[in-house]
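Asker: Residue numbers (our numbering), protein chains in the order written: chain W, 1 to 488; chain F, 1001 to 1095; chain L, 2001 to 2481.
Incorrect hints may have been included.
Think about it this way: if two alpha-carbon atoms lie no more than 25 Å apart in a straight line, the pair counts; the simulated DSS-like pairs of lysine-lysine are [claimed, not checked]:
id	chain 1	residue 1	chain 2	residue 2
1	L	Lys2082	F	Lys1092
2	L	Lys2133	L	Lys2218
3	F	Lys1092	L	Lys2218
4	F	Lys1030	F	Lys1005
5	L	Lys2133	L	Lys2021
6	L	Lys2258	L	Lys2228
7	L	Lys2118	L	Lys2305
8	F	Lys1092	L	Lys2133
9	L	Lys2465	L	Lys2449
It is worth saying that the hints were derived from the structure and are not from the lab.
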Amino acid sequence: MDAELHQLTLTQLAAGLGRGEFSAVELTRALLGRIERHDGDLNAFVTVTGEQALEAAQRADDARAAGEAGVLNGLPIVHKDIFCTKGVATTCGSRMLEDFVSPYDATVVERLARAGAVVLGKTNMDEFAMGSSNETSYFGPVHNPWDLERSPGGSSGGSAAAVAARLAAAATGTDTGGSIRQPAALTGTVGLKPTYGRVSRYGMIAFASSLDQAGVIARSTADAALLLGVMAGFDPRDSTCIEHPVPDYAAALTAPVRGLRIGIVRQHFDQGLDAGCAAAVREALAVLESQGATLTEVDLPNLDLSVPTYYVVAPAECSSNLSRFDGVRFGHRAADPADLMDLYCRSRGEGFGAEVKRRIMTGTYVLSAGYYDAYYLKAQKVRQLIADDFRHAFEQVDVIAGPTSPTPAFRLGDKTDDPITMYLNDIYTIGANLAGLPAISVPCGFVDDLPVGLHLVGPHFGEETVLRCAHHYEQATEWHAACPEAYR
Amino acid sequence: MSLDKDQVQHIAMLARLRLADEEFAETVDKLSRIVDFVDQLSKAATQDVVPMAHPLDASQRLRPDEVTERDDRDRFQANAPLVRDGLYLVPKVIE
Amino acid sequence: MSAADWEAVIGLEIHTQLATKSKIFSGAATAYGAEPNTQACLVDLGYPGVLPVLNAEVVRMACLFGLAIDASIARRSVFARKNYFYPDLPKGYQISQYELPIVERGELWIEGDDGEDKRIGITRAHLEEDAGKSLHEGLQRFSGIDLNRAGTPLIEIVSEPDLRSAREAAAYMRKIHTLVRYLGISDGNMQEGSFRCDANVSVRRRGETALGTRAEIKNLNSFRFVEKAINYEIERQIELLEDGASVVQETRLYDAAKDETRGMRSKEEANDYRYFPDPDLLPVVIDDEFVESLRGSLPELPDAKRRRLVDDYGIRGEDAAIIASNRALADYFEAAARATGAAAQLVANWVTGDLAAALNRDGLDIEASRIGAADLAGLIERIDDATISGKIAKEVFEAMWAGEGSADAIIDARGLRQITDSGAIEAIVDAVIAANPSQVAEYRAGKDKLIGYFVGQVMKETGGKANPAQVNAILRQKLSP
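Kindly produce the complete structure, drawing on both the sequences and the hints.
Answerer: Next comes the structure, spelled out in structure tokens:
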């Protein structure tokens, strides 16, 4: 039993726990053991909460015995270290918050805990969620379980690596420009970013407020649906959270895809897309077609402006969001500041890494006097155009499909010289953030033994459609079950 | 459009970021590249477009005027680098 | 060049704290005077991951103010971040409003320098959060930050540069002060910092239309200081310009001890606030229904009340102005005036006279008056029906203030009824006349002023209780040769 426990998906684990085949404590022990054995190579964890996990697992077993099992009772998950966890270190991958212990739980953390989930630890991430390779973390890069010399993607690299290596059954992540979906694609896992406003951002350390969304990395669409059902919903503490009923996502998975209209963006296949990735995606689309979906070409005319738009809006918002890190009330403080200016400049200079500082400065620049109209205001207009493009496309199709990432996992250190090269990693995923649309990445093949992801985008609150489409594809293929050799 | 050293110095000042000398040149270069990159936006036709306020075009919800938070100062100040008599301390500010 | 060749151009920016129970974006309390940082929750502290949620009462109060100044209420207004670094600003930005404020284009009328009614335009009034406080004394080389005040709701009221003198500026400031208290949206307490004023002052040659360079004088927290500071600043600027120098655009502080303004020591770089719409908050949408129902809830405003007090009660304009300046005082006055048949002017005299003095002496607001309106009316009734004289009434008033009971109870207990029985008065007058033969002779010889001496003697004999008019009449009659 033990040797297989880590291979079970969340859904399978729930069933096993329900049938009393194993206990939550056993399961937790098994995974904690794996973390200890394997995380040295992966560096997916910043903090392992072993004791708390075993306590939570015991409580879960007790609750189940008393007939009070929540929907996620005993299920082992990890949280990206961007979610505030009460009494536990929350570092955001940064020296700035190296010693920060949050006095409160994020809404997402609260909801999952209330449903009975067991948290094994906090995962490594690009510093303040800024990056696509998990190389900007103060705690060192995360390694891809499929090839330790490669990046797992970012910024939710730790969460993706932990799930892919079967160190946890599922993980929370956040997605601002692709930070859930891209690492999911690069690690052969399922990554779901919900509609903007679907999940509360309260307690999720802000990077770009109008783009950030909390989501899920898991090993199947059923798992993603299960977690989303618990995470989603109105939270009065978040003004941007929308009051919209939460459907039964799991039930929606099996509705048929016959007649589903899938849009293909012609421009997607023009860009610098790796040939192997292109082939894998085309095959995936063929599978969906064979299941009764129809493929149509759609046009997103302003698509090539989505990355520049993002790289104005996101830095602008983050430059302001990160101003609160000043060494006064929490976080890193420079030693013996000479005066106030020194306190600020050195605390922030020392606390933040290079990429974060660059984005803060980019943001400061595009908001500054004389540049606001040409950059920030302009970007928010182009953003509206992009959102309108999607809206028009969704008048003709139900889902838009394409590749998640232009290449499979790249070598650590490969893309760190030129920021623009790194930014272009997000080229397929960014549109969904700009328009606030739900999107998912599911495994669809391999290129040189490295995973490739299929990307599906739906209209606002179209999670059910996107999940359904992904689920049917998943059922017809084996990619999602593949496991990197060292972690079987 | 490239940025020059003075501009970068000014931006770093506005953002209260101290850049090490070694970092500085690299930062000027990378920031210039980023600004060049985002300059592409100028080619978009946005005459009558209303800038996006919220992806779902929602409006602000209001909460009732009630006191819901109680004093938790000690717990919150456990994270503070320097506190005395309940006050957060910073180097003296002269007005 | 003389002062008359110059014209001052002044605009005021007034920040007033809104009297809500909780903060504008969080559920922490706003009460004044708490121990440092005991009313600063995670949202107020700008902790990582927290988010702002807007207080409904703040919106209502801002709109009410807008209606009271005949302004436009924006059907869609937006919160913006004003970015700058300062220790009392925990997030490193202040949530304020920039391009789309909640209230715009209003007006207020004051008495201009020429004695005529003058319209002062109000460009806008917008919502924002207050910052915390810095303490610089007693901490050696540190400053201490208290964030209790961070997040308290403020409304910033910006006037057009329509004011032309320090006097007009003070008048405008007083009007706003009265109005916000009238509407119940602020307690206007300047000592506690809930009402603060900044003045933008510039001068130009009379006849010129272009504006001169202005200086901003910050944080003037009394009507008197506003007037003095502006007067000083006007003179300072005129002197500079007459000497051929130029006015520097800067922020200045008023030093009350020296009665002068001076430039702030820390010469900040011109601040680039990098305003942009706050992405954590959504546009505030207000519908017509809300505005109309609010309009229905507007109380009678100070000017209208002042006019009505004159029209309905026939009291003097000056008294009406004083009484109308405080809504609770006006309510008190009306309740008292309606509870007695005596002339309203008599009530007005008491309210603006002895009552005001007693409240002042004990540092009380009218709401805490030790004598209620009905009871004051009772006292005035006894003057009106000649039960007691005006002089005795003052004694009764003090006794009532001290809590000894109603007017009637005190009059009875102390036996203060006026003596109106002419027989009794005559007897006493006779006695006084008999006891003071030389003065009688002098009076009869033509020293008319001595009547006062005789009145005094009669009053002394009667313990002040004889009806003065009757005493006067009877004395004159008996003293006449």
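Asker: Evaluate each hint against the coordinates.
Answerer: Verification of the supplied hints:
no.: 1; hint: L/Lys2082 - F/Lys1092; verdict: holds, 24 Å
no.: 2; hint: L/Lys2133 - L/Lys2218; verdict: holds, 16 Å
no.: 3; hint: F/Lys1092 - L/Lys2218; verdict: holds, 21 Å
no.: 4; hint: F/Lys1030 - F/Lys1005; verdict: holds, 12 Å
no.: 5; hint: L/Lys2133 - L/Lys2021; verdict: holds, 19 Å
no.: 6; hint: L/Lys2258 - L/Lys2228; verdict: holds, 11 Å
no.: 7; hint: L/Lys2118 - L/Lys2305; verdict: holds, 19 Å
no.: 8; hint: F/Lys1092 - L/Lys2133; verdict: holds, 13 Å
no.: 9; hint: L/Lys2465 - L/Lys2449; verdict: holds, 22 Å
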